[in-house]
Each structure stands twice: as structure tokens, then as C-alpha cells.
Amino acid sequence: MGYEQILYEVKDRVATVTLNRPDKLNAWTAVMGREVRQAMDEAARDEAVRVIVLTGAGRGFCAGADMQLLSGIVGAGRQEPGDAAAERGPTAAGDPAVRADFRGPYAYFPMVPKPIIAALNGATAGLGLVVSLYCDLRIAADTAVFTTAFSRRGLIAEHGVSWMLPRLVGLQHGLDLLLSARKITAAEALAMGLVAQVKPAATLQEDVRAYARELADLVSPRSLRVMKRQIWEAQFQSLAEATAVGNEEMEKSFSAEDFKEGVAHFVEKRAPRFTGR
Numbered sequence: 000m001g002y003e004q005i006l007y008e009v010k011d012r013v014a015t016v017t018l019n020r021p022d023k024l025n026a027w028t029a030v031m032g033r034e035v036r037q038a039m040d041e042a043a044r045d046e047a048v049r050v051i052v053l054t055g056a057g058r059g060f061c062a063g064a065d066m067q068l069l070s071g072i073v074g075a076g077r078q079e080p081g082d083a084a085a086e087r088g089p090t091a092a093g094d095p096a097v098r099a100d101f102r103g104p105y106a107y108f109p110m111v112p113k114p115i116i117a118a119l120n121g122a123t124a125g126l127g128l129v130v131s132l133y134c135d136l137r138i139a140a141d142t143a144v145f146t147t148a149f150s151r152r153g154l155i156a157e158h159g160v161s162w163m164l165p166r167l168v169g170l171q172h173g174l175d176l177l178l179s180a181r182k183i184t185a186a187e188a189l190a191m192g193l194v195a196q197v198k199p200a201a202t203l204q205e206d207v208r209a210y211a212r213e214l215a216d217l218v219s220p221r222s223l224r225v226m227k228r229q230i231w232e233a234q235f236q237s238l239a240e241a242t243a244v245g246n247e248e249m250e251k252s253f254s255a256e257d258f259k260e261g262v263a264h265f266v267e268k269r270a271p272r273f274t275g276r
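So the sequence shown is numbered by numbering that gives the first Met the number 0: it starts at 0 and just counts up by one.
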């Protein structure tokens, strides 16, 4: 499939989706939103892919919604920068079991059945920050800078960020970042839990790929798929509900091929040959 504003590559069972408007710090557009959705669906369907990396070309990850689109809204009514209707693709819409919380234009990442790692290589702002929050893990370059941006544009906490951000960094940090829209460094983002790891900018992509390959090579794809869904859906469950789901899924795991292989490769002291079944 050809893309205009992203790059898509599969290597070593890792799909890399790269936002590709480097001259605009990868500012988000309707085209980019549709293409990211298409790439995520492509990676989800591809049995050769076990992990997905989302990153940006050039100096930034994503500087937010394209300012020309925002300028066009003034006096002309809302024009969704991400083209919300067009971004609702088969990843969520095709599965009746997907709850409404994960059917939004940016909230579908949790229902992609493979881990999505955001490699935040530079500026991560506004809508770009929102997109990164829906990834499963965020690994930042030590030169990356973060801002919510909304309050300094006369906007508000949109696209579920008022729910997501405090769950990641806590209520006080969430209020601080949203109300002030101040810029924070990668070190501060790590300290508050906004990102999981910080790596030298020069080796970020290599380090993220190494981590992704470790997941792809050493971990059961079935375990990844089930646990990812467990964790995201548990955000809406009680402890008793999450426990019941876990017990049911464990029973299913005992009869899965990957469980048999997990025991066999450990006993035989060899590399695993997981199939995802």
C-alpha cells in the first residue's frame, strides 16, 4: 500500500510507522490520520508482524495539529484535523466486542492486538502528545520536549486526554501539564511517568528496535495480545472483574500451543519458537 505522509516498513517482525512531514515537524493532518489508521490495520493483519513502532521523521515526533488547519477553523467552524470519521477503521469497528471507549479517532490503539511502542524522537506537542498517550509504551530521546499546548491556543483537553493523562502521571501532574501547557524535558517526563524510558537521541531508534525485537523474538505473541487487552480493559473493571477475566484467560493459556512451547524451550534450553496460537 502506498502512503503520502507516513512511511511503513516491516523488518525482523517489527513494523515501523514513521510520520513523514519532517519540514512541518510531522504536524498532524487528516491524510496522516487516515494513513496511520491504515498502517495499524495492515500491521494488525500481518502475521509476520509482532510489534509496532510509531515514530517521526526528522527532528520531531509530532508538533500537533497542522496550524493551517487550525487557522482554517477560525470563523469557519470545526474542521477535525484528524478527520475523525475517516479514521474509524476496521481495527475497532470490525469487532463488536470492542467497547465504545476504544472507538474514538485516536483511542483505537489499545485494541490493535500487538504492542505499539512510541519512539519519541523530538517535539511531542498537542495532538501529537495525545496520539503518543494511546501507545502502549513511550520511549523518548533525551532531547525530546513535551507540551499539551491546548490552553495556550484557547483550546481544552480534547480526545480523552483529560482521562488518559492523569492515569499515567497522576492528578497533580496532569493538571499542571494541561493548565499551564508548559514545556517539559524528557528527564521530567520520565520522572513523572509520562515515558517509560529515555535514551540518547543518537541511538533512540536503534535502542527502541532492540527492545521491540526482544518482544518479537522472546515473548509469546498470544501472551502479548491477551495481556495488552487485559490491561487496557482493566481500566474500566473492578478488581473482582479483572481477576475473573485473568482466571478465565489463564485456563485458555494452558491449552494453547504457545504455553507448550514456553515450557519446552525453557526445559530444552533453546530459543523459543512461538506461533501466537
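These are computed hints drawn from the structure, not numbers from a lab. Since we're looking at a predicted model, the values are computed, not measured. Please note that the accuracy of each hint is not assured.
Under the rule of at most 30 Å between Cα atoms (straight-line distance), these lysine-lysine pairs were calculated in the DSSO-like manner [said to hold, decoys possible]:
{"hint": "1", "residue 1": "Lys227", "residue 2": "Lys10"}
{"hint": "2", "residue 1": "Lys259", "residue 2": "Lys23"}
{"hint": "3", "residue 1": "Lys23", "residue 2": "Lys10"}
{"hint": "4", "residue 1": "Lys259", "residue 2": "Lys227"}
{"hint": "5", "residue 1": "Lys251", "residue 2": "Lys268"}
{"hint": "6", "residue 1": "Lys10", "residue 2": "Lys182"}
FRET-style restraints, in silico, Cβ to Cβ [what the hints assert, rightly or not]:
{"hint": "7", "residue 1": "Ala190", "residue 2": "Ala239", "range": "32 to 38 Å"}
{"hint": "8", "residue 1": "Ala233", "residue 2": "Gly275", "range": "19 to 25 Å"}
{"hint": "9", "residue 1": "Ser161", "residue 2": "Ala241", "range": "35 to 41 Å"}
{"hint": "10", "residue 1": "Thr242", "residue 2": "Gly103", "range": "24 to 30 Å"}
{"hint": "11", "residue 1": "Thr184", "residue 2": "Ala263", "range": "42 to 48 Å"}
{"hint": "12", "residue 1": "Met191", "residue 2": "Arg151", "range": "17 to 23 Å"}
{"hint": "13", "residue 1": "Leu217", "residue 2": "Leu174", "range": "24 to 30 Å"}
{"hint": "14", "residue 1": "Arg151", "residue 2": "Arg276", "range": "47 to 53 Å"}
{"hint": "15", "residue 1": "Leu174", "residue 2": "Met249", "range": "37 to 43 Å"}
{"hint": "16", "residue 1": "Glu157", "residue 2": "Leu217", "range": "35 to 41 Å"}
{"hint": "17", "residue 1": "Ser179", "residue 2": "Leu238", "range": "32 to 38 Å"}
Just so you know, even glycine gets a beta-carbon here, dropped at the ideal spot from N, CA and C.
Taking the earlier hints as the rules, which of them does this structure contradict? Checked against the structure, the hints that fail are numbers 2, 6, 9 and 13, while the rest are satisfied.
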